[in-house]
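K.L.:
Produce the complete structure using the sequences and hints provided.
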Amino acid sequence: MRVVRRLSRIFSSKDNSEARSQRLLRTWLTPEQRAQFDAKRYFDVIGCDSRKRYRIYYGTATNVHEIDVAGRPKVGWCFVPDGYLAAGDIMLAQKISLETNEVGALLIANRFPIELSRRY
Numbered sequence: 364m365r366v367v368r369r370l371s372r373i374f375s376s377k378d379n380s381e382a383r384s385q386r387l388l389r390t391w392l393t394p395e396q397r398a399q400f401d402a403k404r405y406f407d408v409i410g411c412d413s414r415k416r417y418r419i420y421y422g423t424a425t426n427v428h429e430i431d432v433a434g435r436p437k438v439g440w441c442f443v444p445d446g447y448l449a450a451g452d453i454m455l456a457q458k459i460s461l462e463t464n465e466v467g468a469l470l471i472a473n474r475f476p477i478e479l480s481r482r483y
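Residue numbers (my numbering): 364 to 483.
What the hints contain is simulated information worked out from the structure, not anything from laboratory work. Hints should not be assumed to be uniformly reliable.
Simulated crosslink set (DSS-like; lysine-lysine; CA at most 25 Å straight-line) [as the list claims (entries may be wrong)]:
1. K458 <-> K437
2. K437 <-> K415
3. K403 <-> K437
4. K403 <-> K415
5. K458 <-> K403
6. K415 <-> K458
Just so it is clear, the structure is predicted and the values come from calculations on it, not from any experiment.
P.N.:
Okay, here's the thing in structure tokens:
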């Protein structure tokens with residue numbers, strides 16, 4: 364019974380890896396991005412090279428969409444860091460990559476049509 368209680372505390376803890384990754388992500392978001400993420404579970408970023416807009420959805424893969432000026436999805440991009448990471452850490456890496464090295468991020472990304480995405 365002690366094992367069950369201990370596992371329950373670990374997985375319900377506010378300090379598990381997912382919770383920590385979400386807290387770290389939130390510290391890197393602008394106030395506008397944070398409000399958007401809190402309301403809709405995504406936030407928008409501007410690519411540093413092209414000035415294109417990207418929407419990063421909560422998730423670990425196929426969660427980056429290039430969007431038009433009206434906010435409609437155009438194409439999806441899939442790129443993630445190596446290793447097993449929590450969603451917040453992956454989203455933070457995607458944000459930083461697009462805002463500081465957009466061309467490099469897209470060179471390694473897999474492009475996918477939005478129709479294949481589960482978000483629409």
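K.L.:
Look at each hint and say if it fits the structure.
P.N.:
Checked hints:
1. K458 <-> K437: 18 Å, holds
2. K437 <-> K415: 11 Å, holds
3. K403 <-> K437: Roughly 19 Å separates the two Cα atoms, so the pair holds.
4. K403 <-> K415: Holds, at about 20 Å.
5. K458 <-> K403: Satisfied, since the Cα-Cα distance of roughly 17 Å is no more than 25 Å.
6. K415 <-> K458: Roughly 13 Å separates the two Cα atoms, so the pair holds.
When each numbered hint is compared with the structure, no violation occurs for any of them.
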